[in-house]
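There are 2 protein chains.
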Amino acid sequence: MNHQILELKVKLANKLADVSGDIIKKHFRQSNLPSETKINEISSIVTIADRLAENVMVDLIKKECPDDGIIREEGENIDSKNGHAWVLDPIDGTSSFVKGLPIFGTLIGLVDLDNNLPLLGCVNQPILQERCLGIRGKATTFNQQTINNPYVNNYDYPLKEACLTSTTPLMFITPRQQEIASRLQKVCSRTAFGGDCYNYVSLAMGWTAMPMIVLESDLKYYDFCALIPIIEGVGGMITDWQGNALNSHSTEVLAASNPNLHQQALNIILNQ
Amino acid sequence: MNHQILELKVKLANKLADVSGDIIKKHFRQSNLPSETKINEISSIVTIADRLAENVMVDLIKKECPDDGIIREEGENIDSKNGHAWVLDPIDGTSSFVKGLPIFGTLIGLVDLDNNLPLLGCVNQPILQERCLGIRGKATTFNQQTINNPYVNNYDYPLKEACLTSTTPLMFITPRQQEIASRLQKVCSRTAFGGDCYNYVSLAMGWTAMPMIVLESDLKYYDFCALIPIIEGVGGMITDWQGNALNSHSTEVLAASNPNLHQQALNIILNQ
Chain X
0 MNHQILELKV KLANKLADVS GDIIKKHFRQ SNLPSETKIN EISSIVTIAD RLAENVMVDL
60 IKKECPDDGI IREEGENIDS KNGHAWVLDP IDGTSSFVKG LPIFGTLIGL VDLDNNLPLL
120 GCVNQPILQE RCLGIRGKAT TFNQQTINNP YVNNYDYPLK EACLTSTTPL MFITPRQQEI
180 ASRLQKVCSR TAFGGDCYNY VSLAMGWTAM PMIVLESDLK YYDFCALIPI IEGVGGMITD
240 WQGNALNSHS TEVLAASNPN LHQQALNIIL NQ
Chain H
0 MNHQILELKV KLANKLADVS GDIIKKHFRQ SNLPSETKIN EISSIVTIAD RLAENVMVDL
60 IKKECPDDGI IREEGENIDS KNGHAWVLDP IDGTSSFVKG LPIFGTLIGL VDLDNNLPLL
120 GCVNQPILQE RCLGIRGKAT TFNQQTINNP YVNNYDYPLK EACLTSTTPL MFITPRQQEI
180 ASRLQKVCSR TAFGGDCYNY VSLAMGWTAM PMIVLESDLK YYDFCALIPI IEGVGGMITD
240 WQGNALNSHS TEVLAASNPN LHQQALNIIL NQ
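Those sequence lines, one after another, are chains X and H. Take the first sequence: its position 225, counting from 1, is numbered 224 in numbering that gives the first Met the number 0, and each next residue is one higher. Take the second sequence: its position 5, counting from 1, is numbered 4 in numbering that gives the first Met the number 0, and each next residue is one higher.
Keep in mind that the hints were calculated from the coordinates and are not lab data. Keep in mind that the hints are not guaranteed to be accurate.
For chains that are exact copies, the list does not tell them apart, and a pair is met inside one copy or across any two.
Said to hold, decoys possible - Straight-line distance between alpha carbons at most 20 Å, and here's what the computed DMTMM-like set of lysine to aspartate or glutamate pairs gives:
hint : residue 1 : residue 2
1    : Lys-24    : Glu-129
2    : Lys-8     : Asp-155
3    : Lys-219   : Asp-239
4    : Lys-24    : Glu-160
5    : Lys-61    : Glu-75
6    : Lys-24    : Glu-73
7    : Lys-8     : Asp-58
8    : Lys-219   : Glu-251
9    : Lys-8     : Asp-67
Extracted from the complex, chain X is given alone in its bound form:
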């Protein structure tokens, strides 16, 4: 993708974050169900916010880049005419959103379908007004500032000093997944649940007092596609549980603050 087109796409990604953020903010911490919804539809607030935010992003993509495809959480996918597709998750972290905790995020990715290359990724947090932006081959930024992550180039950390995090233990569904998660939990010094996409932002930012491992399963493409350029653009590593590049069929994700830690975690996963 040439420089000029990439610049346009980055601009669009920022616009998508702006327009979806405006809608999501209106629905955050609103306990009262809108009148048109059934009282029994308990998750309706989040569903409505999710759909409205997605629709406004889809409309903008159709208008500005009509040949781009769209892979999304809520509605039907739209085929790409140029090999590029946007991968959208308006509210990643439904439980946090539902609880009124501002650590969910809007995930906006752009992928080169032919080469399975995530070209750019954005995690937007509309309440905290925090935006993490990764562009393939460039340094990841956080609110337009480059990131200084002390764990990325420090390969001395053993896995036992890392913080292991997963959104919920309920995402480990098969006995194999549960066994792998349990093995890693025993090695790492701390296990923390919750967090959703903000675990990956935290890993990229180096906010933690120790390096980080994120181990997750039962994910969809839109749950992690946008995270790949963000983590790689800071020097971290993100793959599937076999150490392979993630693709649209992947469901198991392993991310680490640096490649050395990633390899140590992989060794535990693969029992080597």
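Dock chain H against the given chain X, drawing on the hints supplied.
Below, chain H alone, put in the same frame as chain X:
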């Protein structure tokens, strides 16, 4: 406690939240370990922030109310000379703090020891600048505004429409606790982990799109003392797993958006 003394204590609680918040803010999202700490002391950032924030609160209590006792997380307790004791947890939600997620909180409670009555409770979130304040017999406030929680007076909600939340499944240690948690998870429509004290704030505020249950175990007095006046002051209910009033020896906590939901959850816990 007469009105004038209570007013002084509320003022002090707010001051304690201010001074501890200033310190905690300085240490939030700081990945680099201070030079005086050992590199192996992986949790040192949070430990240091915890201790410094606690010390500054203890100093202020000693100065302004020297007869009050102090029950605290980090240092040694201080005996009460007048039957009142402050119950302090500078950073409740260590994992969130460590990950750089602003959903931890400083818990500040004041208890009448002779009658086991929590007189006031404060959850302060220094990053989000959110302060929830409960005073026994008064309406709970959030940033000085009274709370409009739609679930408190609506007893129509069945337990299956509630959101069940616990900080981590790892807090259910005994087979009995695990079995009870699992039983409640099967009944409630949604289970969400993570959140720490912010789950209780969310319950009090009615931020969720559905009523809420918090089920936790393996807690210390300073983990929940401050939450009691907050939840009760909004019309919610918080007890131990037998339905009894919480005291300094309690470790198992059940909170619900209203007494009806609380009873339904209690019936599941007690297998009735």
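The hints, checked one at a time:
1. Lys-24 <-> Glu-129: both (13 Å within a copy, 17 Å between copies)
2. Lys-8 <-> Asp-155: For Lys-8 and Asp-155, neither the intra-copy (38 Å) nor the inter-copy (49 Å) Cα distance is at most 20 Å.
3. Lys-219 <-> Asp-239: Within. Shortest intra-copy distance 12 Å satisfies the 20 Å Cα cut-off; inter-copy 39 Å does not.
4. Lys-24 <-> Glu-160: neither (37 Å within a copy, 24 Å between copies)
5. Lys-61 <-> Glu-75: within (14 Å within a copy, 63 Å between copies)
6. Lys-24 <-> Glu-73: Within one copy, since 19 Å is at most 20 Å while 38 Å is not.
7. Lys-8 <-> Asp-58: Intra 15 Å, inter 55 Å, cutoff 20 Å: intra-copy only.
8. Lys-219 <-> Glu-251: Within. Shortest intra-copy distance 9 Å satisfies the 20 Å Cα cut-off; inter-copy 36 Å does not.
9. Lys-8 <-> Asp-67: within (10 Å within a copy, 61 Å between copies)
In summary, the numbered hints that this structure violates are 2, 4.
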